[in-house]
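**Q** Sequence:
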Amino acid sequence: MECTRSIRRFYRDAPEIIFVSHDASVTGAPILMLSLLAWWRSSGGGPFRVILRHGGTLEPRFREFGRVWNLNWPGKRVYPDPTSQQDLLSFCGPGVRLIYANTGAVGDVLEALEPLGVPVLAHIHELETMLSRGIGRERFDLVKQRATRFVVPSRAVAANLIENHGISADMMDLVPEYLPDDYANDWSAAPRGTEAPRMIFGAGTLDWRKGPDLFVQVAAQVRKSCSHDVRFVWAGAPTEVGQKEALHELAVTHGVGDVLTFVGEKSDLRPYFREADVMVSSSREDPYPVVCLEAAAHGVPVVCFDGAGGMPEFVQGDAGRVVPHLDVAAMAAAILSLLVDPAARQSAGRCARARIESGHRISICGSRLRDIATRLMGMAQGVDT
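Mapping of the sequence shown onto the working numbering: residues 1 to 385, in sequence order.
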């Protein structure tokens, strides 16, 4: 009898949409997906089932929204293991009408789910280095073969898919990255004291793509020219053994080892944003870094490289500064221009905050994503939505 009740409950809670994430790490795409699930549920959506290609720190939070299957498929190897495919399909339950693939790294999961025969909405948060080297073309090709429609967060991501992958612009919807509606609601525009040390903040994993080495070089140039006491903080986890130690040695070599700190992975960056004067995106390539949106929500202006991805589309020259690609001297000069001019810094911070409010809240972007998903489900069933 208990077994029968369990089966009935399993099918009663079966979802219309299966959400698929590459992992549950404290990085942009999983954080965005959690925000979307929370908003969707608060708007009356659900139930949810989530498939993780691999686990991570945020897995317990995914489980707050429903059943989760962690496949624990590591690395670049393309799966699935055919013996587990039927179990995976059974996990999805009956009545599935759409698969929401949250990154370009889940092509092998989509291959395993193909017998469901439902549309696939592929939300691509990556640019070319990650697609071709980090994820690998074989796995991303599986996404391209199975996606019914694509969502992209920036014009930069759209252009890459068009130019390097032959995906038509007609198959894409642009929805920028977003934050929860209540994120940083306690932010105050009150200026900090003039005697407080200036803090420059950077964040991201310690891999080459995020440019922590460039952050060290920028820090060295800013310190040489800044008349204020200044410190530099970077939050983010290493992706390889020895990265943090190597970056500390680089900081010592550049004369900033005493004022630059790599604090590791942090689940909550709000204490740092409350102290930061400038947010630096030193990424060589970054589609639309959520951490910069979080800083902007706290009224912190953003300095970024042109041609590195989508952040210049957000900054636009008035919510911070956009400098030539990989020009460390120009980035240092832009930071200094904000540090020495409190009025300009506060104006850029207010502009950054206003841009979050007008277009980067989950109530705005989530509604658009839900509409796209609903339209795809309707089209699959021959319903005009």
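Among the clues, some could well be false.
[Unchecked claim] Computed cross-link-like contacts, DSS-like style, restricted to lysine-lysine with a CA-CA straight-line distance of at most 27 Å:
1. K76 with K144
2. K224 with K244
3. K244 with K266
4. K76 with K244
Source of the hints: derived by calculation from the structure; they are not laboratory data.
**Q** The structure should be examined with respect to each hint, and the outcome stated for every one.
**A** Hints versus structure:
no., hint, result
1, K76 with K144, "holds, 17 Å"
2, K224 with K244, "holds, 24 Å"
3, K244 with K266, "holds, 15 Å"
4, K76 with K244, "holds, 24 Å"
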